[in-house]
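Residue numbers (the numbering used here), protein chains in the order written: chain A, 1 to 289; chain B, 1 to 78.
Simulated from the structure, these hints should not be mistaken for laboratory data.
Check each hint, because a few of them may be wrong.
Which chain A residues stay away from chain B? Per the calculated CB distances, all over 12 Å, these [unchecked claim]:
1. Ser5
2. Asp69
3. Ala123
4. Ala180
5. Val183
6. Ile276
7. Ala277
Once the Cα atoms are required to be at most 27 Å apart in a straight line, the calculated DSS-like pairs of lysine-lysine come out as [claimed, not checked]:
8. Lys165/A x Lys72/A
9. Lys50/B x Lys165/A
10. Lys88/A x Lys50/B
11. Lys88/A x Lys257/A
12. Lys72/A x Lys88/A
13. Lys88/A x Lys165/A
14. Lys225/A x Lys50/B
15. Lys225/A x Lys165/A
16. Lys257/A x Lys72/A
Sample of chain B residues with no beta-carbon within 12 Å of chain A, all distances over it, derived [stated by the list, open to error]:
17. Arg6
18. Ile12
19. Ala27
20. Gly31
Ideal Cβ placement from N, Cα and C applies to all residues, glycine included.
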Amino acid sequence: MHPISYFQGAILGLLQGIAEPFPISSLGHGVMLPRLLGWNIHQNDDYFLSFLVATHVATATVLLLLFLDDWKRIVRGLGRSLRDREIKSDDTDARLGWLLVVGTIPAGAIGLLFEHPLRSLFASAASAAAFLVVNGILLLTFERLRRRPPRPGDYLGDSDARIAKLSWRQAVGVGTAQAAALVPGISRSGITMGGGILFGLSNEDAARYSFLLATPIIGAAGVLKLPDLFGSAGNGVRGPALLGALGAALTTYLAVKFLLRFFQSNRLTPFGIYCIAAGLICTVIFALD
Amino acid sequence: MTKNRRLIPLAIVAGIVLIVIAIIYWAEPAGSLPSFFPGHEAGSGHHHLKHGLLAFILGIGCFVFAWFQTGPSAARSR
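Based on the provided sequences and hints, a complete structural model is requested.
Encoded structure:
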C-alpha cells in the first residue's frame with residue numbers, strides 16, 4: 001500500500017507546479033489540500049517530504065530549461081566578472097548574476113538553519129490558511145506601495161538591464177525576505193515579486209526576477225534532499241512521486257508561460273484577493289471540522 | 001562594487017575560518033563539536049551537514065569578495 005496513492009500524487013504534483021510560480025504559496029496549498037480532501041497525508045511525514053523533493057526538482061528543472069539561454073548568459077557573465085575581478089558597468093549579465101547570488105545566499109542560509117523548526121512549528125493546515133490570508137494582505141500591500149503603476153510597453157526592451165539596476169542592498173533584501181516562504185501559506189514568488197515591485201520593477205520584470213531567483217534555491221533544496229527520496233523514507237512513494245513530478249513539470253511550464261504574459265498588463269491584486277478569500281474559507285472549514 | 005583593499009586580508013582570514021568550521025561540522029558529530037558551536041548537543045552522534053554546507057558557502061563567498069577587491073578600481077556601486 002502506497003502512503004500516497006498515484007491519484008493523490010498526480011493531484012499534488014499538478015498543484016505544486018501551479019502554486020510554486022503563482023504567488024499563492026505552494027507549500028500552504030500542499031498542506032491545506034490534503035486536509036480539505038480528508039487525505040491522511042501530513043506535512044511533516046517523512047514520505048511526504050520525500051514526495052515533495054521530486055516535485056521541487058521537477059519545478060526547478062523546468063524553470064532552468066525555460067530560462068536556459070538566460071542562465072547561459074548569466075553564467076558567462078559571472079565567469080567574465082571573476083576573470084576581470086570586477087563587474088563592469090555595462091555587463092548586465094554579470095551584474096544580474098551576482099544580484100541573484102547575493103539574493104540566494106541569505107535565503108539559503110536561513111533555509112538550511114531554520115527550515116526544520118519552522119516547518120514543525122507551522123505544520124498545521126489551520127496555520128497555513130491563516131498565513132495564506134497574511135500572504136494575500138502582503139500582495140495587496142505591495143501593489144498599494146508600488147513606486148509606479150504598470151504602463152503600456154513595460155515589457156518592451158531589455159528586461160535584464162532593468163532588473164540589473166537593483167542595488168545590492170535591494171537584492172539582499174528581496175533574497176532574505178523570500179525565506180519567509182518557509183512558513184506554509186507565505187509565497188516565495190509573491191514575496192520576491194512584491195519586493196521587485198516595491199523597488200521600482202514592472203510586474204513582468206519582477207516576475208522574471210522571481211523565476212530566476214527561484215531556480216537555484218528550489219533546485220538546491222531539492223537536490224540536497226534527493227537522498228531522502230532514494231532512501232528508506234522514499235519507499236512506497238517513488239512511483240507517485242514520479243507521477244507528481246511529471247505533473248508538476250507540466251503545470252510549472254504552463255504557469256510560468258501564463259504569468260509572464262499575464263503580468264505584461266496585470267497586477268498582483270487578483271492573487272491577493274484569492275489568497276485572502278481562500279485562506280478565510282479554509283480557516284472557517286478547519287475550525288468547523 | 002566599491003574597492004577597499006584593506007578588507008582583503010580580513011576576507012581571506014574569514015574565508016579560511018569558515019572553511020575550517022565547515023570541515024569540523026562535517027567531520028565531527030554534534031556531541032563532539034565545541035560547546036560554542038551552534039548545533040552542539042552533548043552525546044549526539046548526528047552530523048550537522050547543513051551547518052557545514054552553510055559555513056562552506058559563506059567561506060567561498062568571503063574568498064570571492066576578496067578576489068573582487070583585488071581587481072581594478074571601478075565606479076561606485078549604487
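So, going through the hints one by one against the coordinates:
no.	hint	in the structure
1	Ser5	31 Å, holds
2	Asp69	25 Å, holds
3	Ala123	19 Å, holds
4	Ala180	18 Å, holds
5	Val183	19 Å, holds
6	Ile276	34 Å, holds
7	Ala277	37 Å, holds
8	Lys165/A x Lys72/A	20 Å, holds
9	Lys50/B x Lys165/A	33 Å, violated
10	Lys88/A x Lys50/B	34 Å, violated
11	Lys88/A x Lys257/A	32 Å, violated
12	Lys72/A x Lys88/A	18 Å, holds
13	Lys88/A x Lys165/A	13 Å, holds
14	Lys225/A x Lys50/B	11 Å, holds
15	Lys225/A x Lys165/A	34 Å, violated
16	Lys257/A x Lys72/A	20 Å, holds
17	Arg6	17 Å, holds
18	Ile12	15 Å, holds
19	Ala27	18 Å, holds
20	Gly31	19 Å, holds
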